[in-house]
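**Q** So the chains spell out like this:
Number of protein chains: 2
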Amino acid sequence: MHDLNSSFKPSDFPFVDEYLSLADIMMDRDLAALGDAFVNFVYSLALSFRKSRPIGSKLDNNTLASALRESGLRKMLPPRMDRHTQANAAEALIVYAWLSGFLSLRKMLQILNSSEKLEDSWRILLQKIAEGIKIL
Amino acid sequence: MHDLNSSFKPSDFPFVDEYLSLADIMMDRDLAALGDAFVNFVYSLALSFRKSRPIGSKLDNNTLASALRESGLRKMLPPRMDRHTQANAAEALIVYAWLSGFLSLRKMLQILNSSEKLEDSWRILLQKIAEGIKIL
Numbered sequence: 000m001h002d003l004n005s006s007f008k009p010s011d012f013p014f015v016d017e018y019l020s021l022a023d024i025m026m027d028r029d030l031a032a033l034g035d036a037f038v039n040f041v042y043s044l045a046l047s048f049r050k051s052r053p054i055g056s057k058l059d060n061n062t063l064a065s066a067l068r069e070s071g072l073r074k075m076l077p078p079r080m081d082r083h084t085q086a087n088a089a090e091a092l093i094v095y096a097w098l099s100g101f102l103s104l105r106k107m108l109q110i111l112n113s114s115e116k117l118e119d120s121w122r123i124l125l126q127k128i129a130e131g132i133k134i135l
Numbered sequence: 000m001h002d003l004n005s006s007f008k009p010s011d012f013p014f015v016d017e018y019l020s021l022a023d024i025m026m027d028r029d030l031a032a033l034g035d036a037f038v039n040f041v042y043s044l045a046l047s048f049r050k051s052r053p054i055g056s057k058l059d060n061n062t063l064a065s066a067l068r069e070s071g072l073r074k075m076l077p078p079r080m081d082r083h084t085q086a087n088a089a090e091a092l093i094v095y096a097w098l099s100g101f102l103s104l105r106k107m108l109q110i111l112n113s114s115e116k117l118e119d120s121w122r123i124l125l126q127k128i129a130e131g132i133k134i135l
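Chains as they are written, first to last, in numbering that gives the first Met the number 0: chain A, 0 to 135; chain B, 0 to 135.
To be clear, the hints were calculated from the coordinates, so they are not data collected in a lab. Hints are supplied without guarantee of correctness; some may be wrong.
Just so you know, same-sequence chains aren't split out, so a pair can sit in one copy or run between any two.
Below, a list of computed lysine-lysine pairs in the DSBU-like style, where the Cα atoms sit at most 30 Å apart [stated by the list, open to error]: (1) Lys106 to Lys50; (2) Lys116 to Lys127; (3) Lys116 to Lys106; (4) Lys74 to Lys50.
Hey, can you work out the whole structure from these sequences and the hints?
**A** Here you go:
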């Protein structure tokens, strides 16, 4: 086990460097499981920020699946994926963006607060990630 | 809605300053709901760090309730609280420590990786928070 004391950075999660493409990231079910925990936390934090009170919530699969389609990322994945699997793809990509150091938690909250409706801002977040990640 | 661009800091969550005591923090069910999302994310991240692969998981109430008792914090709360409510108290306190800026995510991961068994490290984390927070 290495020391986190002065060295916590994206490279502490070496598996991040092993993905070969956006589709590779989006199809990783283990990354999606970590992403599910991350997205629920970021969503709860964004709600708490907007409402100025602590809120814990879970983001529904439909919102993420719709955001994935509207962002144009859906078509990079195989056909006949159900909404749950589409939501997984979005969750995997969002946590990848954070683990890889592409977007900080602060920047994500900023994006999630950039549109009037929080639901709309997941598409914007996914588009920024897709445009910014260079391993396509 | 204020701008997060250059100003994300604990004071962006002004409700953090409204708690009067550790018991006040631990009894807030809304803070516990946000804490639940936070703790599941931190737990998943700590597991991913230990195993060097992405893992998403939920921390069970028994682990948190035991950690609360072993840390000495349980006795600050009313008697006859079930394990779920005890776990809530721990979750509220852990997210408070992060929101208030007392412990960074990096520092929490460091603490969670300081003992051989991840289960044991929740007690250490709770004790550090209880000792460090000055609003007792």
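**Q** State for each hint whether it applies.
**A** So, going through the hints one by one against the coordinates:
1. Lys106 to Lys50: both (19 Å within a copy, 28 Å between copies)
2. Lys116 to Lys127: For Lys116 and Lys127, only the intra-copy Cα distance (17 Å) is at most 30 Å; the inter-copy one is 38 Å.
3. Lys116 to Lys106: Within one copy only: 17 Å inside a chain, 33 Å across chains, cut-off 30 Å.
4. Lys74 to Lys50: This pair counts as neither: shortest intra-copy Cα distance 35 Å, inter-copy 32 Å.
Consistency with the previously given hints fails for number 4 only.
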